[in-house]
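Each chain is listed here by its residues.
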Amino acid sequence: MSNATTAAGGGAPAPARRRRSARRRKEARAGYLFLLPWFVGLAALVIGPMATSAYLSFTEYDLFHDPVWVGVENYRTLFTDDPRYLQSLRVTFTYVLASVPLRLVVALGLAVLMNRTLRGMSFYRAALYLPSLLGGSVAIAVLWRQLFGSNGAINQLLALVGIDGPNWIASPDTSLATLIVLAIWQFGSPMVIFLAGLRQIPAELLEAARVDGAGAVRRFVSVTLPLLTPLVFFNLVMQTIVAFQAFTPSYIISNGTGGPVDSTLFYTLYLYIKGFSEFEMGYASAMAWVLVAIIAAFTAVNFLGARRWVHYSDAS
Amino acid sequence: MKTTRRAIRRSAAAAALLSGALALAACGVDGSGGGSGDDGGDAGGPATDEEIRTAWWGVDNQHRALETAIEAFTAAGGPQVSVEPQPWDGYWDKLATQVAGRDLPDVIMQAASQLPTYAERDSLLDLSEVDLDVSGLDEGIREFGAVGESTYGVVAATNATGFVTNEDLLAELGIAAPEGEWTWDDLATFASEVQSASGGEHWGVQDGSGDMILFILFVRDSGREFYAEDGSINATPDDLRAWFQLWADMRESGAVPPADITAEASGNLPGSPLATGGAASGFVWTQDYVALQSVSDNALDIALPPYNATNPSLWINAASLWSISAWSGNPQGAADLIDYLVNDPEAVDTLGATLGIPPTAAARAQIAESVTDEERPAIEYMDLVAENSRPLNRLWPDGFADSRTLMSQLSEQVAFGQMSVDDAVDAFFADAEG
Amino acid sequence: MPSTVTQVLPATVDPSPPSTSSKGGRRRGSRSPLATTAWHGLMLLLCLATLYPVLWMARSAVVPESEIFASPTIVPSQVDLSNFAAGWSANPPGFGTFLMNSFIICAGAVAGNLIACTLAAYAFARLDFPLKRLWFAVMLATVMLPAHVTLIPQYALFSAAGWVGTYLPLIVPKFLATDAFFIFLLVQFMRGIPRELDEAAELDGAGRWRMFRSVMLPLSIPALATTAVFTFIWTYEDFLGPLIYLSDLNDYPVPLGLRMFMNAMGQSSYGQLFAMSLVSLLPVFIFFLLFQRKLIAGIATTGLKG
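Protein chains in written order, with my numbering: chain A, 1 to 316; chain B, 1 to 434; chain C, 1 to 306.
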């Protein structure tokens with residue numbers, strides 16, 4: 001793009017053009033300088049392992065022996081000869097499509113609700129963040145059994161109104177739902193990002209809208225939401241990536257099995273089982289790169305769609 | 001000097017891994033994947049002062065006991081030892097990563113199910129290359145670390161499966177637990193008695209259909225072995241069909257908990273039907289029996305699983321083994337440490353029964369007085385097993401762990417009604433590796 | 001073109017903005033005592049529903065082991081703090097050491113991410129340079145690969161460097177901006193800051209570095225605080241990295257320490273596990289409470305283009 005502009009500027013007086021291109025060179029140098037630590041990290045720590053895993057995906061590698069080249073065999077097996085893999089795809093897509101939108105809606109709703117100054121507000125905010133602090137703690141496994149077990153709190157509540165609840169956590173029909181609830185429950189990080197974004201919105205704009213007679217809903221839809229779109233976009237992109245890579249919830253709650261009957265077999269959990277329990281790291285690497293392709297496709301769609309609804313304040 | 005060699009080997013492994021396609025060539029030259037052949041020169045030599053790294057899994061009291069014993073080993077003139085204790089969760093991930101990095105600890109606690117995997121892939125030292133006295137170990141236990149002609153592990157502690165019953169519940173229902181010689185069909189009879197006597201309030205026995213160890217007992221009960229000498233599966237599809245059907249019928253009649261209850265209890269001993277009083281019996285490892293008793297309000301008894309005197313199906317099992325890394329810089333020092341932990345009276349005193357039941361008769365006699373009340377029934381049970389068992393014909397083959405997982409998955413699918421017994425049997429024999 | 005609200009700003013931006021930014025909120029809050037009470041009621045209810053599992057855990061930490069799973073109540077039948085004492089000293093070298101170790105690792109990680117990710121983000125958000133789009137895509141791509149498959153090559157790398165058994169593999173990568181999540185987050189925040197501010201500084205003759213330091217950094221405080229909080233929390237709870245790279249119990253951080261209360265044989269001491277889980281929540285909770293003021297302090301910027 002910058003080249004095109006330079007070329008188009010052919011009609012401008014020569015000194016000005018030179019000044020502009022000097023400036024551009026300086027800016028490019030500054031850009032690369034600011035990126036220097038990242039470049040070092042990329043070259044030293046990231047590219048090597050990424051390239052290795054890409055190479056391993058075309059090999060049979062059991063960790064003990066040297067990798068043996070097998071071409072696209074791993075990729076072929078994935079899609080033609082591995083029902084558990086297809087099951088893990090099903091589970092993961094369901095999880096992503098259900099948990100990401102719900103988590104974001106809850107996070108945004110609570111962020112808006114809490115974007116005000118009031119006594120005790122910081123306490124509420126911190127309290128609502130607490131579940132996310134538990135993260136992948138081992139205690140979560142016990143808590144979730146206590147909530148969703150056959151004799152858990154949910155079923156005891158249901159029993160009060162005469163409903164005989166299912167065994168949420170151990171029935172293949174409902175077990176994934178309990179993990180989606182867990183994802184929604186840990187809404188803290190997108191909420192905090194939304195909150196920070198809401199604070200960036202100039203009060204004057206809202207005030208102006210108020211003077212124009214816009215109600216609360218109208219102000220939210222036509223002022224707050226558009227200004228928040230860069231962060232909605234960020235959360236959407238990152239939460240989608242994170243959800244595709246979700247591992248810990250299933251790992252700790254299903255005890256590392258993805259059960260019952262593979263109903264919570266997340267993509268990365270299956271990858272992990274293949275790589276570390278069955279010592280098929282080549283196969284696991286192939287799985288990883290297919291996941292990269294899937295995530296990249298989703299991210300690309302998100303970026304393309306973003307042109308329609310994300311508004312940047314720095315756009316000229 | 002050996003430290004440097006080890007460092008070079010690690011760097012070579014890293015370089016090989018990272019250089020992508022070059023890996024093949026690089027490793028071919030430096031032989032880092034070669035294992036003991038390459039390192040034969042190290043082994044058998046005298047112990048050096050080089051520090052030994054020791055890794056094991058376990059809990060607090062096991063960590064404390066082992067650390068005390070290891071400190072005493074160093075104090076008595078052994079080399080320095082750094083310890084790497086872990087809970088079971090995570091232990092194997094870390095070990096796998098270390099294998100890939102050619103960075104294994106010198107002394108490694110191994111499980112019988114994993115040992116063949118590590119041994120057959122050249123990451124463990126053949127113990128004949130070091131000076132290590134295992135003559136004190138029980139007869140059937142000495143071979144437990146053998147893979148093929150070589151021995152790769154020394155049993156650190158033993159265990160066995162037992163049939164655990166809720167004595168209080170059975171007394172209340174007026175039902176006697178099976179005794180003496182009994183069969184798997186008797187188990188079904190017993191379970192449905194419990195179910196009907198309690199008016200459907202209690203299950204007779206916990207679902208054991210997915211436990212390959214129990215299926216192996218079932219096969220051995222007929223005098224045959226589960227694995228042929230060459231490591232292929234010797235059990236037949238008919239065996240497995242009968243096995244799955246036995247449990248399916250009990251599940252059908254309500255003598256065994258429904259699938260979701262079983263799934264809920266997996267990996268959660270305190271929540272298992274036996275611990276909560278829902279089921280009158282279950283099959284449990286000796287160390288789990290001790291744990292179960294501590295979380296259950298009822299008196300639990302442990303006895304032999306279905307038993308016939310001509311073909312005892314039970315064997316004394318290795319709860320854990322000690323192995324030495326094929327890349328160890330001080331294999332004799334590592335062997336001395338293992339020797340100390342297994343044979344030295346002082347170490348035996350320190351360890352007691354914390355790791356499980358000691359593998360030598362001398363050690364068992366020595367600690368008989370000092371064990372806790374919870375541990376005592378387990379130790380007495382092991383004596384019973386010793387008199388009524390038959391050693392396995394061979395150690396688990398490489399594919400054992402995978403087959404065991406496969407079986408538990410298939411049985412779960414059958415239990416949830418997602419697969420027929422026949423399909424599960426076919427799937428098992430199609431995929432299970434010998 | 002949407003309407004533009006521009007306001008002249010002082011050349012140096014005050015990093016601690018006046019609290020007038022939340023005018024609207026305060027007015028609404030102080031409208032009527034009844035509304036305030038209703039609002040508090042709503043929040044308390046929300047908190048109760050959300051925090052039920054945590055409260056149940058707190059109750060379970062102070063009742064006898066046998067009562068834990070017997071009831072879903074959050075009201076303890078008795079308060080026995082022995083689990084805290086026992087859990088604190090169980091698994092030597094004890095929980096105090098685990099906490100200390102976690103703080104050291106977290107401090108390094110937070111410093112690293114704040115410095116390196118901010119620099120990189122500034123370049124992506126504000127500077128124009130060749131191949132920018134490509135590098136941005138590469139940056140995003142690095143978060144797409146599941147960590148489990150790079151674990152082993154990375155381990156080989158750090159092992160060859162002789163860093164295994166130290167905190168270096170956990171901290172050094174942060175100083176090299178390997179957490180692309182935060183670069184992207186900071187980019188998105190910075191792009192929300194109007195360019196007029198940079199341009200004003202540039203007219204004053206400021207170079208790129210000064211514009212970064214005296215315009216962008218002060219304006220990005222909420223985003224920096226967010227980065228600090230998330231880095232702290234995610235490093236604090238990371239299990240896999242410490243598991244692979246640390247072996248000595250004396251070096252263990254909290255998550256590895258907590259795992260020692262669970263065990264495959266089921267002799268877990270749930271009371272102690274819960275007690276120590278609560279204790280481990282405390283530092284992050286306090287850290288969050290302190291930093292969230294910065295985080296949502298808001299900025300007195302205006303001049304946004306809508």
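Keep in mind the hints are simulated off the structure, nothing from the lab. One thing to keep in mind: the hints can contain errors.
Cut-off 25 angstroms, straight-line C-alpha distance, at most; resulting in silico cross-link-like pairs (DMTMM-like, lysine to aspartate or glutamate) [unchecked claim]: (1) K132(C) to E65(C); (2) K26(A) to D248(C); (3) K132(C) to E199(C); (4) K26(A) to D128(C); (5) K132(C) to D66(A); (6) K26(A) to D198(C); (7) K26(A) to E196(C); (8) K26(A) to E199(C).
Per label pair, the in silico range of CB-to-CB distance [said to hold, decoys possible]: (9) S66(C) to S277(A): 32 to 38 angstroms; (10) T77(A) to D80(C): 51 to 57 angstroms; (11) N255(A) to G254(B): 57 to 63 angstroms; (12) V72(A) to S71(C): 29 to 35 angstroms; (13) L131(C) to S222(A): 34 to 40 angstroms; (14) N393(B) to V72(A): 20 to 26 angstroms; (15) G215(A) to E202(C): 38 to 44 angstroms; (16) S71(C) to S277(A): 32 to 38 angstroms; (17) V221(A) to S66(C): 51 to 57 angstroms; (18) D128(C) to G256(A): 58 to 64 angstroms; (19) D248(C) to D249(B): 35 to 41 angstroms; (20) A176(B) to G162(A): 58 to 64 angstroms.
In silico negatives: residues of chain C with every beta carbon more than 12 angstroms from chain B [said to hold, decoys possible]: (21) A38; (22) L55; (23) V110; (24) K132; (25) A156; (26) G165; (27) Y167; (28) I221; (29) L240; (30) D248; (31) L249; (32) F261; (33) Y270; (34) P283.
Ideal placement from N, C-alpha and C gives every residue a C-beta, glycine not left out.
Going down the list of hints, with the structure as the test:
1. K132(C) to E65(C): Violated, at about 58 angstroms.
2. K26(A) to D248(C): violated, 49 angstroms
3. K132(C) to E199(C): Holds. K132(C) to E199(C) sits at ~21 angstroms (cutoff 25 angstroms).
4. K26(A) to D128(C): This hinted pair holds, its Cα atoms lying about 10 angstroms apart.
5. K132(C) to D66(A): violated, 38 angstroms
6. K26(A) to D198(C): holds, 16 angstroms
7. K26(A) to E196(C): holds, 20 angstroms
8. K26(A) to E199(C): holds, 16 angstroms
9. S66(C) to S277(A): 32 to 38 angstroms: holds, 35 angstroms
10. T77(A) to D80(C): 51 to 57 angstroms: Taking Cβ atoms as reference, T77(A) and D80(C) lie about 55 angstroms apart, which means the hint holds.
11. N255(A) to G254(B): 57 to 63 angstroms: At roughly 26 angstroms between Cβ atoms, G254(B) and N255(A) fall outside 57 to 63 angstroms, so the hint is violated.
12. V72(A) to S71(C): 29 to 35 angstroms: violated, 56 angstroms
13. L131(C) to S222(A): 34 to 40 angstroms: The hinted range 34 to 40 angstroms holds for L131(C) and S222(A), with Cβ atoms some 38 angstroms apart.
14. N393(B) to V72(A): 20 to 26 angstroms: Violated - the Cβ-Cβ distance for N393(B) and V72(A), about 41 angstroms, lies outside 20 to 26 angstroms.
15. G215(A) to E202(C): 38 to 44 angstroms: holds, 41 angstroms
16. S71(C) to S277(A): 32 to 38 angstroms: holds, 37 angstroms
17. V221(A) to S66(C): 51 to 57 angstroms: holds, 54 angstroms
18. D128(C) to G256(A): 58 to 64 angstroms: violated, 48 angstroms
19. D248(C) to D249(B): 35 to 41 angstroms: violated, 53 angstroms
20. A176(B) to G162(A): 58 to 64 angstroms: About 40 angstroms separates the Cβ atoms of A176(B) and G162(A), which means 58 to 64 angstroms is violated.
21. A38: holds, 41 angstroms
22. L55: holds, 21 angstroms
23. V110: holds, 25 angstroms
24. K132: The claim stands: K132(C) keeps its Cβ more than 12 angstroms from every Cβ of chain B (closest is about 28 angstroms).
25. A156: For A156(C), whose nearest Cβ neighbour in chain B is about 4 angstroms away, the distance does not exceed 12 angstroms, so it is violated.
26. G165: violated, 9 angstroms
27. Y167: Holds, because the least Cβ-Cβ distance between Y167(C) and chain B comes to about 16 angstroms, which exceeds 12 angstroms.
28. I221: holds, 38 angstroms
29. L240: violated, 8 angstroms
30. D248: Per Cβ check, D248(C) is inside 12 angstroms of chain B; nearest 7 angstroms; violated.
31. L249: violated, 6 angstroms
32. F261: violated, 8 angstroms
33. Y270: violated, 8 angstroms
34. P283: holds, 22 angstroms
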